[in-house]
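S.K.: Chains as they are written, first to last, in my numbering: chain E, -14 to 240; chain H, -14 to 240; chain Y, 25 to 327; chain A, 113 to 342; chain B, 113 to 342.
Check each hint, because a few of them may be wrong.
Below are the BS3-like pairs computed for lysine-lysine, each with C-alpha atoms no more than 25 angstroms apart in a straight line [as the list claims (entries may be wrong)]:
no. : chain 1 : residue 1 : chain 2 : residue 2
1   : B       : K281      : A       : K265
2   : Y       : K177      : E       : K9
3   : E       : K67       : H       : K230
4   : Y       : K228      : H       : K9
5   : Y       : K64       : Y       : K311
6   : Y       : K51       : Y       : K29
7   : H       : K228      : B       : K202
8   : E       : K67       : A       : K166
9   : Y       : K274      : Y       : K51
10  : A       : K202      : E       : K228
No lab work stands behind these hints: they were computed from the structure.
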Amino acid sequence: MLFRRIYQFLIVYMVAIAFLWMIKMGLSLSDYVIPGIFLVAETAGQVAEEYVFDVINTLSIAVLGQALSIVLAFTVGISGRKSSWIGSFIKVTAYNIQAYPIVALAPIIFILLGDGFIPRLLIASMICYFPLLLSILGIMATPVEDIEHFYIVTGRMRWQLEVKIRAFENLSKLTTVISGSATLAMAGTIVGEFIAANAGIGYSIRIALYQSDIAKILVALFMIGIIISIYQGILETMGEQIKNKWSISKEGVVL
Amino acid sequence: MLFRRIYQFLIVYMVAIAFLWMIKMGLSLSDYVIPGIFLVAETAGQVAEEYVFDVINTLSIAVLGQALSIVLAFTVGISGRKSSWIGSFIKVTAYNIQAYPIVALAPIIFILLGDGFIPRLLIASMICYFPLLLSILGIMATPVEDIEHFYIVTGRMRWQLEVKIRAFENLSKLTTVISGSATLAMAGTIVGEFIAANAGIGYSIRIALYQSDIAKILVALFMIGIIISIYQGILETMGEQIKNKWSISKEGVVL
Amino acid sequence: ARGIKFNYRLKWLFNTSVAGDIYADAKGFFRDVGLDVTVKEGSPEKNAINELELGYAAFGVASADQVIRALDKGAKIFVIAQLFQVNPMQWIYRTDQPEIKTLQDLKGRNIGITFGGNDETIMNTLFAKAGITKKDVTITGVRFDFTPFFMRKVDVWPVYRNSQGVILKDKLAREGEGVYFFNPADFGVNFVANSVVTSEAMMKNNPDLVEKFLNALLKGWEDAMDPAKEAETLEAIKKLDKGTNDAIRKNQLSVTRSLIKPSVSIKIGTIDIAAWKQTEEMMLKEKQIKKSVNIETRLIQIK
Amino acid sequence: MRLECHNLNFTYPGNTTAVINNLSFSMKNPGFKALFGPSGVGKTSLAKMIASSKFRGSKDIAIENMDTILYSYNLERLPGWSSTGNHLNKVTSSEKQSVKEQLIEIFELKDVLGSRFSQLSMGQQNRINLIRYLLQDFDLLIMDESLANVDEKLRETIILAIKELFSDKMFLYISHNLMEVSKFCSQILVFRKSLENKNSFVIKGQDCKKGYLLDKKQLDITMLEIMNAF
Amino acid sequence: MRLECHNLNFTYPGNTTAVINNLSFSMKNPGFKALFGPSGVGKTSLAKMIASSKFRGSKDIAIENMDTILYSYNLERLPGWSSTGNHLNKVTSSEKQSVKEQLIEIFELKDVLGSRFSQLSMGQQNRINLIRYLLQDFDLLIMDESLANVDEKLRETIILAIKELFSDKMFLYISHNLMEVSKFCSQILVFRKSLENKNSFVIKGQDCKKGYLLDKKQLDITMLEIMNAF
Ligand SMILES: Nc1ncnc2c1ncn2[C@@H]1O[C@H](COP(=O)(O)OP(=O)(O)OP(=O)(O)O)[C@@H](O)[C@H]1O
Ligand SMILES: Nc1ncnc2c1ncn2[C@@H]1O[C@H](COP(=O)(O)OP(=O)(O)OP(=O)(O)O)[C@@H](O)[C@H]1O
Ligand SMILES: [Mg+2]
Ligand SMILES: [Mg+2]
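Next comes chain E alone, as it looks inside the complex:
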């Protein structure tokens, strides 16, 4: 699974690069528009080591940010699942904050929080939480009648139980979304670093862009891709294990 992810990424990356180089040759573009193979290799030699550390730095924030956004999404998703006034109010708030491009909010965030670690984390989780929220809202707002009936009529239904039932019945959807959101957390962290940090691969990308150094960017994208593939692979394996542990292979699977 993990290996598959990695070599599949390598294929994707190679195809994309080959495509770029075809364009380069086709239009005979110079190295400063699209860097050639030697320039990329040379740049890789120069920055690879540094970028590995950057990406790992970024990943560590992304992991934190993802954890935060999972908590956030569940909190909002659970409290916003009802179609009551307050539920819809929470949804409106959550949706609106999302609608604002982070770049527009960034100045306000800096005014409120200063710079450093916190805004970087906040931006990462703001970008990551919303897609999670959408799925969780969808799942949490859909009753599982044949299980919930008993608890409702006997007055035993608590919101925790309701949430547990709906989460369990949609376990595979949830694990798909959560492990998928890893890439969002990563993208979010990079954006956060791009505008708010002085460390991480997002920061390095900003510098490379300022220097208009596409070769560095290609190297950075490669590093990001590899690390994401590994992280994603690990999450998916974990998701499988949780599914197998918490639930149990359904009857239909055995026979």
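Using the hints, position chains H, Y, A and B with the ligands against chain E.
M.R.: Just chains H, Y, A and B with the ligands now, kept in the frame of chain E:
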């Protein structure tokens, strides 16, 4: 529903602004850091009309972008739903593209597509499609055994039917995600404009940022919020209607 | 004692164009006068003037347009030193195009402008000066990446002369292309660039501290711009700016020198009052500010 | 204890014909009562109306001395995250612990308490679901085909045990087994198809108790009576 | 046509005791065969094994002259986006059109063809599901409690009609109704509880056809035989 959305947004906005103004007074900050009520009102008078057109311009792209990303998410989600090699390959591709911060890809997009309408649309749908994809993947990868059994054993199962069954059984989750993704499309379009366009509210925000004009940004955020609320409200109403038309209120709802 | 602790917020990322700030810190000039200064990188989203007001920083670097705009909106700040004597915001174009010798030579070209940026104000002033209307030129909005210039979709592209300008020149040279720079100052338009700012409260309550800080900082700049200390300066920069190669850094430093200290006679930090007034006028004309802010009252040249 | 309907009507929204049409009947005292009739005649609909708080207290449905009415049906599921035994414990108050043990014995479920719900056979699922309802506080329990997938022998054991253990409760039993209904229920409401429900009959059943001696003749008469009412 | 098992074994993964343990039996010729036994004994498990392509062709299960084996059960649902009538049409080939009409008549489903599946009563759901299987090509159709929620009268009509209309097919009928199984099936595999299935019996049933005259004595004997095998 629609009205509720709008006045709920107004509440959220007012609370946020009031909070900012409390900070302003508490720390006695100048209009440059946080603009006061008069400056915001004055700025609103100056730019409101222009911004309304900008936001509508942006919305029109967002609607297109959302449509595109729904198509994209379904295409990828449906072809990536199997756990086969090719399914996982498609997923890896889709995930990786997502992981790359759009700012890093922007130069490449520009090389391939030039600037103007197409990259703006592309960036909007790239930001919007992924959360949709995650939900659709989750839904499409989960069999509905008690319905699918018949079609499988009688050899009548086609992928179209499988997709239709799973979509139908998860209709309310899908409509939640799709109408929720409107805000993502909007945010995506704004980001696209921010980095790649000469029109739209994202472009206006960029100019305001260059001039550190927070008052303009607050006005822009207000416009965006209002339009999003309306768009979202319309989508939700449509979603309800589709649900009511395609499916039928379940037994349990009546009794 | 560790000294008085505060932050100093730069305008932009660590690179050669902040050589003096880096040097003063690296050589312990602040420590020597009993100050514990943290020098922080800047970015478009981080604004030194905001940080002064919020107390996140005690000193900062801001561009003249930021200063004037903030004053227009009631900020209480003072400019205590002007770092760039010549604005690094210039335009690059290839040598296979005719050189721009008079402003009239701008006609017919495709010119890049960052809408909302300083370069727009500067270029508009130049146009007004030369009587050029929007019909005579093609204006293209500029973003952060140079692809349109590389692809020759835009002929004349705005750059920071001492950082990006050097890098681009080098890149094009590798492909055998030469470049010119178009400097508005050569045509009488002096739009002030980065200056050191502090808050009114600081000026009032802690004039000693301001003086100590500024002296240490300017000492850093003087040394950093001293050709004799080039190796040391480059060494200090390299520690913070790994992404650039040595040759480029060296070139950047020499260009920076010409902008910060155009001649030996000019003391670094000298506030060019005339240029400030011209800047304010330009902004007023462009309706970037509503009223005159009497900029000269906010400029304090500390001896 | 009394359950009565007076000219009750119900039509599903969007439908033209009423499912329940002028239905009147009366049932009283604890014990097993049945709803019996052809498939699709409206038994489930009536049962849900009785259990629904929306219809409680309306003048069409009169309920006396019964506060808690529970509706259970054979398609219910238990949550999947732990064993059925655990779930059973969770919903049993401490004073009902011994009843629980007794019921598990009678329902022959000892061996499957360690399994998840999805691992049970259909009949086992039916039984575990019914047990948890019996362990709740209720005055009237509606069992909508709750034992449909259990074999006849065990079903009889279960019904007799319930009647004995919960002799002060009322049960509304919906089943398609004519013999069973005739044997064990005291009153049987027979629905007639495509006629006005008004003409529905309440027929007296044999109401057999544990250790009963079957009067075959009487039973045949009851069954015949029901068949005729059909 | 022949269906045979030789010392068949099956244990669910993770379980310690086998569900099917050294089971051997043989059934042949078209008609109604039954799987009968207490709840949880392994009927569904065996049925799924027979239908599963994984076990086809293994030496334990021998199937002769039957290519298509379909497994149907009572919890299946039809898709919800259009009426059950539409869905039925979609899965019926043109040459089976008339059989379809006939079956709808017999199954008493005319009135509900315009309704969505979720609007049907349980017995109606059972019936519409069974009809669509009957309209497919098959040699052996397994009906796992497929008529569990249908009333006895209609169930009899349906079974008799199926036997008449599909006289060249084999059916494996799983039901908890002793009388029904004894009456209408030609061979009944009786599962015994908690003993080795090896000792399972195949008992000859009455195999009544349409318009039958019931030999009550014979039936009682069969039923007794089954009860004893239990
Ligand atoms: N939600 C609904 N909308 C419309 N019609 C419905 C709905 N639910 C049930 N019906 C119809 O009402 C009638 C009675 O249904 P009900 O479920 O009460 O029957 P029942 O007596 O319980 O039958 P069964 O024995 O098959 O379970 C049926 O004809 C059914 O099609
Ligand atoms: N997926 C599974 N995993 C583990 N055990 C299972 C699984 N499915 C069924 N069982 C067990 O296997 C046994 C036989 O189940 P099966 O469903 O075959 O019984 P059945 O004869 O069809 O019963 P019923 O008449 O109640 O439907 C039961 O004890 C059940 O608990
Ligand atoms: Mg019913
Ligand atoms: Mg079974």
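S.K.: Could you run down the list of hints and mark each one as holding or not?
M.R.: Hints and how they fare:
no.	hint	result
1	B/K281 - A/K265	31 angstroms, violated
2	Y/K177 - E/K9	17 angstroms, holds
3	E/K67 - H/K230	22 angstroms, holds
4	Y/K228 - H/K9	22 angstroms, holds
5	Y/K64 - Y/K311	32 angstroms, violated
6	Y/K51 - Y/K29	17 angstroms, holds
7	H/K228 - B/K202	23 angstroms, holds
8	E/K67 - A/K166	21 angstroms, holds
9	Y/K274 - Y/K51	19 angstroms, holds
10	A/K202 - E/K228	23 angstroms, holds
The structure shown violates the earlier hints numbered 1, 5.
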